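Participant: One letter stands for each residue in the lines below.
Number of protein chains: 4
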Amino acid sequence: MKEYKIFVGGEFVSTKTSLDVINPFTGDCFAKTFLAGQKELEKAILAGKSVEEEMKSMPVYKKFESLLSISNELKKKRIYLAEILSMESGKPIRYALGEIDRAVQTFLVAAEESKRIPGEYLSIDWTAAGEGKEGWLKYFPLGLVAGIAPFNFPLNLAVHKIAPALAAGNPIILKPSRSTPLSVLELAKIISGTSFPKGAVSILPMDRSAGNQLVTDDRFKLLSFTGSPAVGWKMKSDAGRKKVILELGGNAGVIVTESSDIDLAVKKCLVGGYAYSGQVCIHVQRIYVQDSVFKEFSGKFTKEVRSLKVGDPLYKETDVSVMIDQDNADRVEEWVKEALKDGATILAGGNKKDNYFEPTVLTATHNDMKVCSLEVFGPVVTLEKYKSFSQALEYVNDSRYGLQAGVFTNSIKEMNQAFYELEVGSVIINDVPTFRVDHMPYGGVKDSGLGREGLKYTIMEMMEPKLLVKNT
Amino acid sequence: MKEYKIFVGGEFVSTKTSLDVINPFTGDCFAKTFLAGQKELEKAILAGKSVEEEMKSMPVYKKFESLLSISNELKKKRIYLAEILSMESGKPIRYALGEIDRAVQTFLVAAEESKRIPGEYLSIDWTAAGEGKEGWLKYFPLGLVAGIAPFNFPLNLAVHKIAPALAAGNPIILKPSRSTPLSVLELAKIISGTSFPKGAVSILPMDRSAGNQLVTDDRFKLLSFTGSPAVGWKMKSDAGRKKVILELGGNAGVIVTESSDIDLAVKKCLVGGYAYSGQVCIHVQRIYVQDSVFKEFSGKFTKEVRSLKVGDPLYKETDVSVMIDQDNADRVEEWVKEALKDGATILAGGNKKDNYFEPTVLTATHNDMKVCSLEVFGPVVTLEKYKSFSQALEYVNDSRYGLQAGVFTNSIKEMNQAFYELEVGSVIINDVPTFRVDHMPYGGVKDSGLGREGLKYTIMEMMEPKLLVKNT
Amino acid sequence: MKEYKIFVGGEFVSTKTSLDVINPFTGDCFAKTFLAGQKELEKAILAGKSVEEEMKSMPVYKKFESLLSISNELKKKRIYLAEILSMESGKPIRYALGEIDRAVQTFLVAAEESKRIPGEYLSIDWTAAGEGKEGWLKYFPLGLVAGIAPFNFPLNLAVHKIAPALAAGNPIILKPSRSTPLSVLELAKIISGTSFPKGAVSILPMDRSAGNQLVTDDRFKLLSFTGSPAVGWKMKSDAGRKKVILELGGNAGVIVTESSDIDLAVKKCLVGGYAYSGQVCIHVQRIYVQDSVFKEFSGKFTKEVRSLKVGDPLYKETDVSVMIDQDNADRVEEWVKEALKDGATILAGGNKKDNYFEPTVLTATHNDMKVCSLEVFGPVVTLEKYKSFSQALEYVNDSRYGLQAGVFTNSIKEMNQAFYELEVGSVIINDVPTFRVDHMPYGGVKDSGLGREGLKYTIMEMMEPKLLVKNT
Amino acid sequence: MKEYKIFVGGEFVSTKTSLDVINPFTGDCFAKTFLAGQKELEKAILAGKSVEEEMKSMPVYKKFESLLSISNELKKKRIYLAEILSMESGKPIRYALGEIDRAVQTFLVAAEESKRIPGEYLSIDWTAAGEGKEGWLKYFPLGLVAGIAPFNFPLNLAVHKIAPALAAGNPIILKPSRSTPLSVLELAKIISGTSFPKGAVSILPMDRSAGNQLVTDDRFKLLSFTGSPAVGWKMKSDAGRKKVILELGGNAGVIVTESSDIDLAVKKCLVGGYAYSGQVCIHVQRIYVQDSVFKEFSGKFTKEVRSLKVGDPLYKETDVSVMIDQDNADRVEEWVKEALKDGATILAGGNKKDNYFEPTVLTATHNDMKVCSLEVFGPVVTLEKYKSFSQALEYVNDSRYGLQAGVFTNSIKEMNQAFYELEVGSVIINDVPTFRVDHMPYGGVKDSGLGREGLKYTIMEMMEPKLLVKNT
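Residue numbers (the numbering used here), protein chains in the order written: chain A, 13 to 484; chain B, 13 to 484; chain C, 13 to 484; chain D, 13 to 484.
Keep in mind the hints are simulated off the structure, nothing from the lab.
Since the model is a prediction, treat every value here as computed from it, not as a measurement.
Be aware that one or more of the hints could be misleading.
Stated by the list, open to error - Covered stretches of chain B, as calculated for chain A (at least 3 residues, CB under 8 Å):
# : region
1 : 98-104
2 : 139-145
3 : 153-159
4 : 424-430
Said to hold, decoys possible - Pairs of lysine to aspartate or glutamate residues, derived as DMTMM-like cross-links and limited to a Cα-Cα distance of at most 20 Å, are as follows:
# : chain 1 : residue 1 : chain 2 : residue 2
5 : C       : K150      : A       : E435
6 : B       : K127      : A       : E146
7 : B       : K458      : D       : E476
8 : D       : K425      : D       : E406
Using N, Cα and C, we set each Cβ at its ideal position, and we do this for glycine too.
Please take these sequences and the hints and turn them into a complete structure.
Facilitator: Structure representation (structure tokens):
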């Protein structure tokens, strides 16, 4: 069985506490790694602090070359990494490969953006008080960053913290999910071969109590957390003086209007709804279809959902596989049952076997049901009709969350109204809310989070402006 | 009879050659001014060159205050100036007032933009060759500018050269149209009361031979010309080393689709087609209507055209009045006759009386007719139907010109296609091509011109970048 | 005695709790106003929430005109307002007039920036996943804002919260200092005459317990606080999901090198050190002079300090007057005594009479003394020598604070090093850290705060990005 | 002997007119290629026009990948290409390798910038006329570009036209110098292996009469010329409606002040003065040294000049080799003789052998001599002293040219004054004017040119803005 050492201040080390990594599909423990304790964390923090100055003064071309080399290495090891990722997470290999490709892209863009940290010129003489002066604003790295990543994109969501931290010139300590630590520990090996100084990156699986120090310790200048709302918002209160970025969940809505391409909408909603069993922050959870085309959409969509190929995530034909663990499958089952009891009906799916939950379509739901109002984080989609477009927008907005929303339409008026009124971070026209490319600003409003990821945006969050006012 | 001295290097002077200013509606000479000769031009050039350094080093707050004070003065004298402008140009007072308001806005925005000349930061160390270096890019005024303005917006199109020149820190010599020199000479009085140095602005009506020196003299660093294509493109060849901005004419097209608001389209096309008798660079000349709504549009539009109120431009009810002179009215008549002879039919108007030409709608035209292919610069609109949207785009593009185009539609696809395919400077969705606000980038492609006006854009054209590379 | 009603959701109202306003120089109560209780605050919140939508959809030109009209009204009432401000704060009239001028400028720039809320274009097709798509990023107002302003710039620091909130399209509830509520209540009268809807701005003096609701109530989307570090950082923990901007204090340092213009440095340090008795966040607290010129600087500076004109703040000759209250004067006296006991010596001043404290220069201090390490917020400056420039930078950085720093030098190397190494928000070359113009980004690092003020920057903090991804 | 076919519309073809390529060091003809005639040019133009639409609609990721693959291929063939370049141009191999590295970088940056074509958001409602509207400004490729490249950087200066043209989405026809066509024809082979359509790039050596069509033919939308001022400015007049970028020559000046690091200045001036025998547009031609350090600088510099290693350009130790041809060597000799006759004295060098001219230092020159006032484009440097810094700036500015200038100083005041007053495109502090990195804006003022190169800047010159105004 393969053993992965954890990455502490540039060294690969083992600790007293070993951590089994389980394949959710087979249920086997196929690899082991270690949990960091207080000692390893302290070592990583000291290593990080000790290279802050070196990171800050690193010339741009060295940062660029190192980040680019990571991107290139990930590309070379694409299939190898995708298999590890698939095994630790149960993610179908097709999507696992897609995730590696995105991590390749995330490091590539980070490399490019590291050259493009903006500066700003300010004419200061807008009043006589500033006569003879001008200002130049530059950005400097904040210092040590703490990152906490989730299980559902074990590599790329960790990379969305590591790559911008490095591009900005910050050392970072990253805590992966304990379920899925392997792909990011593989990344650690690649990073250790670059010219970034030892301590620039540490990758430490750890328990929540150790993880808590990432939140409270004042030596971290920024905390970037991707995970559940309840945990995230608590962290904001506990974070002391550091800045906080929160990428939390949602219950994303889609609107399908009669002016849209229904077949396109069906096809996109299928992927958005069931890829990785809906364990995606921007998974399509609620679909609202204009009543004139509801029947058409419903028929086509339900048929496609029933045709999804279920199986071993390592098979390239597999569309859907198991969920990350039994607890989550149980929770989804419970929520669906609750919905059915309260009047919902099933158009497809609805059954569970162990940690596998069938791709499910519910209708006749209402907003008090958990499958509507909370983040289902499973392969369950609700399908409802609407009359007026304004009503559809209200349905989508009737949520504590606001991450992304999709609108299928050919109407300029509807596009404008949706963009203006939808309370979300992004409105995707003629695609699902699940749409994300790695350089776009990504993040939510309301309970869905604080701040934006996406390389350029994260990099700026991870830097501090400093103004030089000088005579001209 | 009122006499206006011309504005030469900060002095108001008379010359040996007087110039009568005719009211096109009454035919009376109601004021006189003077033509500059070689001597006055030389004096203005020397005055301009002598203050280049002072203009360049003027603190931002002084430029701002002076430009703002001009805007405020224009506002105070709004009605007085509108009447002068109406009399010299025959422009209905409602539109003359609108032009003063726009000149107020143009100076206001110039004032604001004078504070916001951008600088740019460049990290230079993208390769080892640049290690330890950084770059700061700033913009400096080019030096003396030559401006040539047309008769149709006697004040605001002159202001679009004067205001950005001053905001950029350049002295300018402006040649107004000999038909309409008064409103801009009124502006000269306002400018002479500010803290801009004497010589910063000269306003000189002049004959073409003197005007030619504005084109050829190397002491001018930029020529900004608004006028006819034939004259403009010739200037580009004769301009020596100076930069050239050309704002030339067009034969703007509008597309009205069945998904649009027909009443809105009618209302907008009426103003776009006949305001100031179509003597506007972006006047609506060619309307293409989807066949399913052609009849509706045609009926409503023709009815409205017939209801336009004709009369004395000084009356506030007047919609349409005379053209600038007999020659232009004759030319329009000739073109319309040619079209009729070649098969066009008249839906409204078509008659001329002296220098008044009726608001006219033609149909059954084709693209070989002058009323289609050339710039009619008169109150004549052609109205044709189209089948597919692609065809409509082809119709609009089948022109040597490309200034602006209007598209009335509610379809995202049509909007996208129009924006991508139309060969123009601006595509206006759900409004006429005649739409312009003074801070937007304005200018044409193909034979319609070179470069963009609109304060921020003109200011940048009137400046030279200079890079400082220094150690960090 | 004049009575000021407080400004609650567009109405001027009195409450059950009256608040006496004391002239710190005479000790007289010269006006009264009212403290808001829970009821008034709730009314203001409801009023603010009720106009969020109207504020969000206000066209730019209306926001611009309203903000500009406030600026113009403040200008008209300049002397009247300065006298009120001087009386409530004890600020010498010369500086009070300067503060009104700055508030005029702050609203002017807010008006201009309200037109320039940026949008951003993103090509989305950086990978095949984004083919056929593009992104447009726009910014929308956050919603209701809470602002808490201090006594030392009673008007302009409140305006730095109100003006950007309005420019961004946010309603705001502002709590002024209970010592100095009058000038901002005068502003309320001006605002109530504009076209901003009722509820867009409320101005409520209140006690700390009511003020605490500004921090904790989730209906506020952002809290902007200017005040002391201890209070500020606590607020960050208590703020729930809202964003927080903290503008806290400092103990600003100045470095005077031998390559600098000593007379300039003396003159600037005099104003930076003693204007408004040092009750300024960026007051010059610590001066480090290169040993070769220490004697010269020290002699000239001490002489000037002794020549400062002390007296009634309403006299235009007055340089220095009383402190805001007895408590603060006592605190400063205690700190100076502690320093003297620990070995410091006095070069000028050192005495207190009632709430007046003499302009004071100390030397032979060390960093354990409160006059060095804490924010003195009084007319006390320490003067020490240094040998190497690196040492001087270390002295300035040896502080928990980091707001601004000044460096007098003609050396490019020293400028570069200072900008790179000084841990502050701004480095001012050849001027004191007290330098601020209202459009520049202003704010501190370390314990001095979080985020930046300065119109453009605050406006952006007060808005939420929203991305539109659409087909092209 | 190797034969190179020319690259016409995606095909490698031979023509009736062969062209011998001479090694300037050996005098041997070591390869042959062909001159394009009218027929080949027409074929290339038609091919270019035919792919304009395909280039315009190419998704960003395909442009990026293709440009990146060119960069990577150049890197792989680095040594092979450097040898060819060295042989065709006589450029010492060390500098030839440097040029290949720069071409690698130029394509890399073009790839990155192709993703970052900016768009701009405009709020249109600054007046009531624009209520309900917003603007989005995008940039579209101009269409077919003509490029004319010189002999002195046979590859990288061609790449500075080809790479941005492709990044912008424009096809391009490039005319290399007839002396040095090989390295860029090697590039053609690399380009032909990418996914750019056939016709996107043509590389055609041609005679001046055919070359003239690049200037006059209206099917080209932009002409980018690098070469001599006399030829360049003539082109501007002949260019018809197309845009023109001119990168012409200069006689760059350096100022060495007493506050600078003299050894650094000597070292940098040596490379700037004699690399590639001064056949560089920004070669150090005129050095002005403050009188207090003149002797020191002069002694050290002259000594170093005498130590330069002369020899075969293919040897890696070689510092200096032959000039491009006999004519140029003769011209330099004649200019030096003229200077000596008029009173100049020689501090080093001065002799010619065939097409080799010794690295030469002259002093006691004055500005009427050709070695001062014209572009020497050979290994000749003048060395003079100055008293005041203002005087030094006047010396540098006393030139018809204005490309770049270098200033060695540690004084902030001198840096500011130099940046403000020097009439050049770039001021390089503490380095020579010869400094250039490929992403910085590069270009001259006065007779030295028009427009800027440097990827981002050239790309923008090669695009046309188009504005969409739409309802919100």
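Participant: It remains to establish, for every hint, whether it holds in the given structure.
Facilitator: Here is what the structure says about each hint:
1. For the region 98-104 of chain B, the stated coverage by chain A is violated: 0 residues have a C-beta nearer than 8 Å to a C-beta of that chain, whereas at least 3 were required.
2. With 5 residues bearing a CB less than 8 Å from a CB of chain A, the region 139-145 of chain B meets the requirement of three and the coverage assertion stands.
3. With a cut-off of 8 Å between beta carbons, the region 153-159 of chain B has 0 residues touching chain A; three or more are needed, and the interface restraint is violated.
4. For a cut-off of 8 Å, the count of residues in the region 424-430 of chain B with a CB near a CB of chain A stands at 3, and the three-residue condition holds.
5. Note on K150 of chain C and E435 of chain A: the hinted pairing holds, with a Cα-Cα distance of about 13 Å set against a maximum of 20 Å.
6. For the hint linking K127 of chain B to E146 of chain A, the alpha-carbon distance of about 12 Å falls within 20 Å, and the restraint holds.
7. Between K458 of chain B and E476 of chain D the CA atoms are separated by roughly 11 Å; this keeps the pair inside 20 Å, and the hint holds.
8. Distance restraint check for K425 of chain D and E406 of chain D: the Cα-Cα separation of roughly 16 Å lies within the 20 Å cut-off, and the hinted pair is therefore satisfied.
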